[in-house]
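If you read the sequences in order, they're chains U and W.
Just so you know, the first sequence maps onto residues 1 to 406 in UniProt numbering.
Just so you know, the second sequence maps onto residues 1 to 406 in UniProt numbering.
No lab work stands behind these hints: they were computed from the structure.
Quick reminder that beta carbons are idealized off the backbone N, C-alpha and C, glycines included.
Honestly, I wouldn't trust all of these hints.
Claimed, not checked - In silico DSS-like links for lysine-lysine, alpha-carbon gap of 25 Å or less:
hint : chain 1 : residue 1 : chain 2 : residue 2
1    : U       : K389      : U       : K345
2    : U       : K153      : W       : K38
3    : U       : K145      : W       : K240
4    : W       : K38       : U       : K192
5    : W       : K245      : W       : K192
6    : U       : K401      : W       : K184
7    : U       : K153      : W       : K120
8    : W       : K66       : W       : K398
9    : W       : K38       : U       : K184
10   : W       : K184      : U       : K66
11   : U       : K345      : U       : K333
12   : W       : K145      : U       : K240
13   : W       : K120      : U       : K145
14   : W       : K380      : W       : K368
15   : U       : K38       : W       : K192
16   : U       : K145      : W       : K145
17   : W       : K90       : W       : K290
Claimed, not checked - Have a look at the derived ranges for each label pair, beta carbon to beta carbon:
hint : chain 1 : residue 1 : chain 2 : residue 2 : range
18   : U       : E238      : W       : K234      : 26 to 32 Å
19   : U       : E94       : W       : E154      : 19 to 25 Å
20   : W       : A253      : U       : L402      : 41 to 47 Å
21   : W       : L397      : U       : G392      : 44 to 50 Å
22   : U       : S40       : W       : E154      : 19 to 25 Å
23   : U       : P117      : W       : E97       : 46 to 52 Å
24   : W       : G392      : U       : S374      : 48 to 54 Å
25   : U       : A253      : W       : V77       : 31 to 37 Å
26   : U       : R190      : W       : V77       : 20 to 26 Å
27   : U       : D30       : W       : H57       : 52 to 58 Å
What the hints assert, rightly or not - Simulated coverage check for chain U against chain W, where a stretch passes if three residues somewhere in it have a Cβ under 8 Å from a Cβ of chain W:
hint : stretch
28   : 134-140
29   : 145-151
Listed here are the chains, written in short residue letters.
Protein chains: 2
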Amino acid sequence: MNNPNIVILGAGYGGIMTAVKLQKSLGPNDANITLVNKHSYHYQTTWLHENAAGTLHHDRTRINIKDVVNTSQVNFVQDTVTSILPEEKKVVLENGELSYDYLVIGLGFEAATFGIPGLKENAFTINSINSARLIRQHIEYNFAKYNNEANPKEERLNIVVGGAGFTGIEFVGELANRIPELCKEYDIPREKVRIINVEAAPTALPGFDPELVEYAMNSLEARGVEFKIGAMIKEVTENKLVFEKDEQREEIATNTVVWAAGVRGNSLVEESGFEANRGRIPVEADLRSKQYSDVFIVGDCALIFNEETERPYPPTAQIAIQMAENTAENIAKLIKGDDHIEPFKPDLKGTVASLGHNDAIGVVFDDKKLFGWSATAMKKVIDNRYLLKLGGPSLLLKKGKLNFFK
Amino acid sequence: MNNPNIVILGAGYGGIMTAVKLQKSLGPNDANITLVNKHSYHYQTTWLHENAAGTLHHDRTRINIKDVVNTSQVNFVQDTVTSILPEEKKVVLENGELSYDYLVIGLGFEAATFGIPGLKENAFTINSINSARLIRQHIEYNFAKYNNEANPKEERLNIVVGGAGFTGIEFVGELANRIPELCKEYDIPREKVRIINVEAAPTALPGFDPELVEYAMNSLEARGVEFKIGAMIKEVTENKLVFEKDEQREEIATNTVVWAAGVRGNSLVEESGFEANRGRIPVEADLRSKQYSDVFIVGDCALIFNEETERPYPPTAQIAIQMAENTAENIAKLIKGDDHIEPFKPDLKGTVASLGHNDAIGVVFDDKKLFGWSATAMKKVIDNRYLLKLGGPSLLLKKGKLNFFK
Numbered sequence: 001m002n003n004p005n006i007v008i009l010g011a012g013y014g015g016i017m018t019a020v021k022l023q024k025s026l027g028p029n030d031a032n033i034t035l036v037n038k039h040s041y042h043y044q045t046t047w048l049h050e051n052a053a054g055t056l057h058h059d060r061t062r063i064n065i066k067d068v069v070n071t072s073q074v075n076f077v078q079d080t081v082t083s084i085l086p087e088e089k090k091v092v093l094e095n096g097e098l099s100y101d102y103l104v105i106g107l108g109f110e111a112a113t114f115g116i117p118g119l120k121e122n123a124f125t126i127n128s129i130n131s132a133r134l135i136r137q138h139i140e141y142n143f144a145k146y147n148n149e150a151n152p153k154e155e156r157l158n159i160v161v162g163g164a165g166f167t168g169i170e171f172v173g174e175l176a177n178r179i180p181e182l183c184k185e186y187d188i189p190r191e192k193v194r195i196i197n198v199e200a201a202p203t204a205l206p207g208f209d210p211e212l213v214e215y216a217m218n219s220l221e222a223r224g225v226e227f228k229i230g231a232m233i234k235e236v237t238e239n240k241l242v243f244e245k246d247e248q249r250e251e252i253a254t255n256t257v258v259w260a261a262g263v264r265g266n267s268l269v270e271e272s273g274f275e276a277n278r279g280r281i282p283v284e285a286d287l288r289s290k291q292y293s294d295v296f297i298v299g300d301c302a303l304i305f306n307e308e309t310e311r312p313y314p315p316t317a318q319i320a321i322q323m324a325e326n327t328a329e330n331i332a333k334l335i336k337g338d339d340h341i342e343p344f345k346p347d348l349k350g351t352v353a354s355l356g357h358n359d360a361i362g363v364v365f366d367d368k369k370l371f372g373w374s375a376t377a378m379k380k381v382i383d384n385r386y387l388l389k390l391g392g393p394s395l396l397l398k399k400g401k402l403n404f405f406k
Numbered sequence: 001m002n003n004p005n006i007v008i009l010g011a012g013y014g015g016i017m018t019a020v021k022l023q024k025s026l027g028p029n030d031a032n033i034t035l036v037n038k039h040s041y042h043y044q045t046t047w048l049h050e051n052a053a054g055t056l057h058h059d060r061t062r063i064n065i066k067d068v069v070n071t072s073q074v075n076f077v078q079d080t081v082t083s084i085l086p087e088e089k090k091v092v093l094e095n096g097e098l099s100y101d102y103l104v105i106g107l108g109f110e111a112a113t114f115g116i117p118g119l120k121e122n123a124f125t126i127n128s129i130n131s132a133r134l135i136r137q138h139i140e141y142n143f144a145k146y147n148n149e150a151n152p153k154e155e156r157l158n159i160v161v162g163g164a165g166f167t168g169i170e171f172v173g174e175l176a177n178r179i180p181e182l183c184k185e186y187d188i189p190r191e192k193v194r195i196i197n198v199e200a201a202p203t204a205l206p207g208f209d210p211e212l213v214e215y216a217m218n219s220l221e222a223r224g225v226e227f228k229i230g231a232m233i234k235e236v237t238e239n240k241l242v243f244e245k246d247e248q249r250e251e252i253a254t255n256t257v258v259w260a261a262g263v264r265g266n267s268l269v270e271e272s273g274f275e276a277n278r279g280r281i282p283v284e285a286d287l288r289s290k291q292y293s294d295v296f297i298v299g300d301c302a303l304i305f306n307e308e309t310e311r312p313y314p315p316t317a318q319i320a321i322q323m324a325e326n327t328a329e330n331i332a333k334l335i336k337g338d339d340h341i342e343p344f345k346p347d348l349k350g351t352v353a354s355l356g357h358n359d360a361i362g363v364v365f366d367d368k369k370l371f372g373w374s375a376t377a378m379k380k381v382i383d384n385r386y387l388l389k390l391g392g393p394s395l396l397l398k399k400g401k402l403n404f405f406k
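All chains should be built: construct the whole structure from the sequences, respecting the hints.
Shown next as structure tokens:
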């Protein structure tokens with residue numbers, strides 16, 4: 001009469017949604033569900049760039065796990081995973097060990113720095129509440145120092161963002177809104193501050209519709225963002241960044257480099273013996289590990305291919321949430337003795353990238369393009385829909401973006 | 001028919017009050033008045049500790065010079081004084097030179113570090129808007145970093161204030177209010193943060209009534225301030241402070257040392273050939289230089305003795321303001337051909353030290369002691385009286401501390 005143990009690692013989009021869905025579909029006597037997370041809170045990774053720029057407080061972005069997970073049905077263990085032992089069906093934590101019958105890995109991403117010298121040591125990444133508010137404070141601290149030095153250093157006012165993908169573009173959009181406020185706060189002329197986006201690909205937002213890309217770049221350039229497109233970062237030190245463009249080397253004096261140009265799956269999974277490709281684990285159609293059939297992988301750690309394009313699906317919140325829903329349903333079936341579990345079928349609803357708080361671009365449904373206010377509104381609809389799904393109307397009211405006309 | 005030139009150096013308490021009083025007592029055809037200041041604003045030095053702790057925004061503390069000085073009567077030159085040439089009756093600025101018939105020196109104080117190794121390089125001082133907001137950001141940045149490191153460093157959370165005189169006590173009082181908010185903001189347990197006040201004298205607030213000192217220390221200790229009294233600072237490095245007490249050496253891991261234990265007059269005056277004592281210039285009874293009768297010295301640069309105690313008057317805002325009033329009257333007399341100028345007679349009204357936003361101690365009028373709310377209220381009355389005097393009711397309403405019940 002032992003209940004099966006379901007262990008969920010990580011309370012990001014994939015992990016927490018799996019827990020919330022399972023607590024709805026399973027009764028307390030069906031299984032023991034345990035959710036493990038490093039912090040007591042879940043956070044919306046797709047809002048962190050706003051916390052990092054200082055345009056949204058991080059308490060809006062994070063959600064107390066106990067506010068959405070019913071702890072009479074799901075055990076919550078606040079701890080850090082140190083390794084997974086799939087042969088022994090065990091997970092080792094810093095302060096304990098858990099056995100599982102079914103394991104869900106939702107341990108998220110980490111930055112991929114591609115061996116660029118000095119990048120890992122000297123660049124910031126936007127990947128947690130801690131790292132996002134550190135970026136906010138780092139920028140502000142440098143502004144505060146600027147007028148205290150006999151020879152003011154321009155490196156304090158040059159902010160370089162590596163990568164013009166989704167996160168990079170959204171982050172410079174927020175910075176463009178925030179910098180004028182910081183200039184006022186610290187008595188610094190706006191024209192002394194540079195926001196520079198460096199992208200190695202031949203275009204910003206690779207993969208996006210060219211018309212939307214042009215709109216985005218125009219909008220951002222009008223607000224003072226400089227683009228270096230087709231520029232490879234060669235080196236980052238404490239106070240400069242070197243890049244190469246058109247076979248010319250150029251240096252930017254800066255002590256604020258934010259790297260938003262590459263992610264990989266959490267390396268802990270690979271180190272635990274799972275075969276991986278840039279940290280992402282190739283999975284079966286039903287999201288189970290190809291090596292261990294009792295292990296499901298959701299979110300950025302999972303590698304699945306879009307059969308139409310023959311390319312991997314990007315690691316997005318939208319896909320992580322859908323994977324979680326699929327996995328929760330499948331585990332519930334297995335627990336109830338039904339082995340006919342379902343393959344994962346992503347249902348892509350579109351993508352919207354914000355360009356600061358009052359502009360955005362996007363593609364929704366069947367390639368309908370959105371610009372400006374309608375895209376901004378759509379972005380909020382998507383964010384609010386997630387909150388409703390995760391924690392119902394009360395969470396939506398508490399953390400939602402309800403200011404559609406601002 | 002050349003009008004005499006009056007040049008006022010510095011827009012601190014002494015300089016700006018001299019300018020404001022002169023613009024009232026002289027007509028536009030009596031003299032050319034020029035006020036020189038590094039910034040476009042005056043600030044209330046006695047509020048800077050609140051800006052440094054982050055409990056009051058610095059825009060409340062600073063006042064646009066053009067809001068209180070009538071620029072049709074007083075020329076305002078925003079520039080930095082590089083030297084005074086009293087033999088040539090000239091002042092050299094970074095971007096120009098001014099001739100004077102009457103000079104008023106109100107160039108304020110700088111920190112005296114008594115040759116303590118590493119203090120000048122590694123400690124902060126609370127002496128300008130720039131330095132105060134840097135302290136605020138420095139503390140916050142270290143709190144932000146704390147949770148981002150694999151091995152969190154206690155030096156980031158230990159704040160050491162050198163000196164339990166007026167500024168030191170008022171600053172730790174504000175910190176005691178601010179730290180719980182910062183702990184919440186950065187997910188740091190309050191008990192990990194230390195606020196340590198190190199004072200070399202055998203008591204805090206030397207010169208104050210012992211009953212008031214005891215009240216102050218009890219109030220601050222109850223809010224988590226630690227006192228090291230009779231402790232000499234021996235050395236400050238980037239990440240520690242060494243002090244000696246009872247012939248024992250002790251180290252505190254810290255990268256935030258705020259030095260509030262000694263001031264001296266602006267060294268530029270001494271360097272310009274004025275004889276000085278710790279940077280303060282001994283003056284005649286009417287505040288004129290003993291060497292140059294066309295030079296008046298007001299505020300912290302002036303050294304005058306209290307005849308009763310045979311000790312110098314302390315460099316306070318109260319005395320600076322009274323010196324300015326006296327000097328403006330005397331210069332107006334001289335300009336109008338009346339050589340019977342008046343000696344300066346300080347009228348000490350009392351002293352109040354705040355202990356955070358809701359507690360204070362003080363002595364007013366004839367040694368009446370004040371504690372708690374009544375002292376807090378009296379402090380606000382004093383501050384508001386100054387604003388009224390400087391800029392009338394409109395300035396009082398804009399920058400006053402009118403929240404008596406908070």
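Regarding the pair K153/U and K38/W, is the alpha-carbon distance no greater than 25 Å? holds (20 Å)
Given the proposed pairing of K389/U with K345/U, does the C-alpha separation stay at or below 25 Å? With a Cα-Cα distance of about 19 Å, the restraint between K389/U and K345/U holds, given a limit of 25 Å.
Hint says 48 to 54 Å; check whether the CB-CB distance for G392/W and S374/U agrees. holds (51 Å)
State, for the Cβ atoms of E238/U and K234/W, whether the hinted interval 26 to 32 Å holds or is violated. Since the Cβ atoms of E238/U and K234/W sit about 31 Å apart, the hinted range of 26 to 32 Å holds.
Holds or violated: K184/W with K66/U, Cα cutoff 25 Å? holds (18 Å)
Hinted pair, alpha-carbon criterion (25 Å max): K145/U, K240/W. Please report holds or violated. holds (21 Å)
Decide if the proposed pair is consistent with the structure: K380/W and K368/W, CA atoms, cutoff 25 Å inclusive. Satisfied, since the Cα-Cα distance of roughly 17 Å is no more than 25 Å.
Hint consistency between K153/U and K120/W [alpha-carbon to alpha-carbon, up to 25 Å]: Roughly 21 Å between the alpha carbons, so the hint for K153/U and K120/W holds.
Holds or violated: the 19 to 25 Å window for the beta-carbon distance between S40/U and E154/W? holds (23 Å)
Are 3 or more residues of the stretch 145-151 of chain U near chain W, judged by a Cβ distance of less than 8 Å? holds (count 3)
Verify the proposed pairing of K38/U with K192/W, using a straight-line Cα cut of 25 Å. holds (20 Å)
Is K401/U close enough to K184/W, meaning Cα to Cα at most 25 Å? holds (23 Å)
Of the numbered hints stated above, none is contradicted by the structure.
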